[in-house]
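Read left to right, the sequence shown gives residues 2 to 242 (the working numbering).
Restraint ranges, calculated between C-beta atoms of paired labels, are given here:
no.	residue 1	residue 2	range
1	Q100	A164	38 to 44 Å
2	A222	H111	31 to 37 Å
3	R234	S133	38 to 44 Å
Quick caveat, the hints were computed from the structure, so don't treat them as lab data. A quick note: this is a predicted structure, and the numbers were derived from the prediction, not measured. No residue lacks a Cβ here, since even glycine has one placed at the ideal position from N, Cα and C.
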Amino acid sequence: AAGAPLLRHAERVALLEAELAATLPQQASTRGGAATATLRIAVNADSLATWFAPALALFAQAHPQLRIDLLVDDQDHTAQALRRGDVLAAVSASAAPVQGCRSLPLGRLHYRATASPAFLRRWFAQGVTAASLERAPCLLFNRKDELQIRWMRRLTRRTIAPACHGLPSSQGFVEACLAGLGWGMNPQALVQSHLAARRLVELVPGQGIDVPLHWQVSRLALPALADLTSAVRAVAKGALQ
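With the hints as extra help, turn the sequences into a complete structure.
Encoded structure:
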């Protein structure tokens, strides 16, 4: 822990050196090749599974000298990694800027409460009520995931604590819903085709939930961060509501 600040400093210096080497290739060749450095970013799993990877690809094309290292966490907690200095940028549900960072709105990721038709018939034959939601198993990404709880509270005006299966995978959430393991809040982009084919159904049609996302990025004067921000905002503009 005592060496963590020194490590963060060394990584940021390496980023500056890598960018300098990219603009001065002759100097890089005399030092034994182009410098490489790692840019650490925090992102929520659902963004990574739906829209964030194209933004990274767009950025990486312009910065082949940089390597990307992703920390994946719940969108309500990615800002903590930024606060600790573990990353230089994060996709976060928090709009309030972390100290030393800018916060830029990206848009809203829309979620729908989905399950297989057989699961719906088994657990919600009498309707989706507080009592049936308390009995029916649901899915949780991890212990930090409160999206299902928020949806149930909005629907019933009660705090419900059902038995939950832990499943830390966005695609795994969809597959588990298809298999009838439980119900869960899935990003619309991942379940739209399944809903259209009736492989999945909504627990309550039209009662989805939106999660506003923000791009929190360090104010360090690194050209790579500015280019990364441009790529993230451009892709988010077309992918998020």
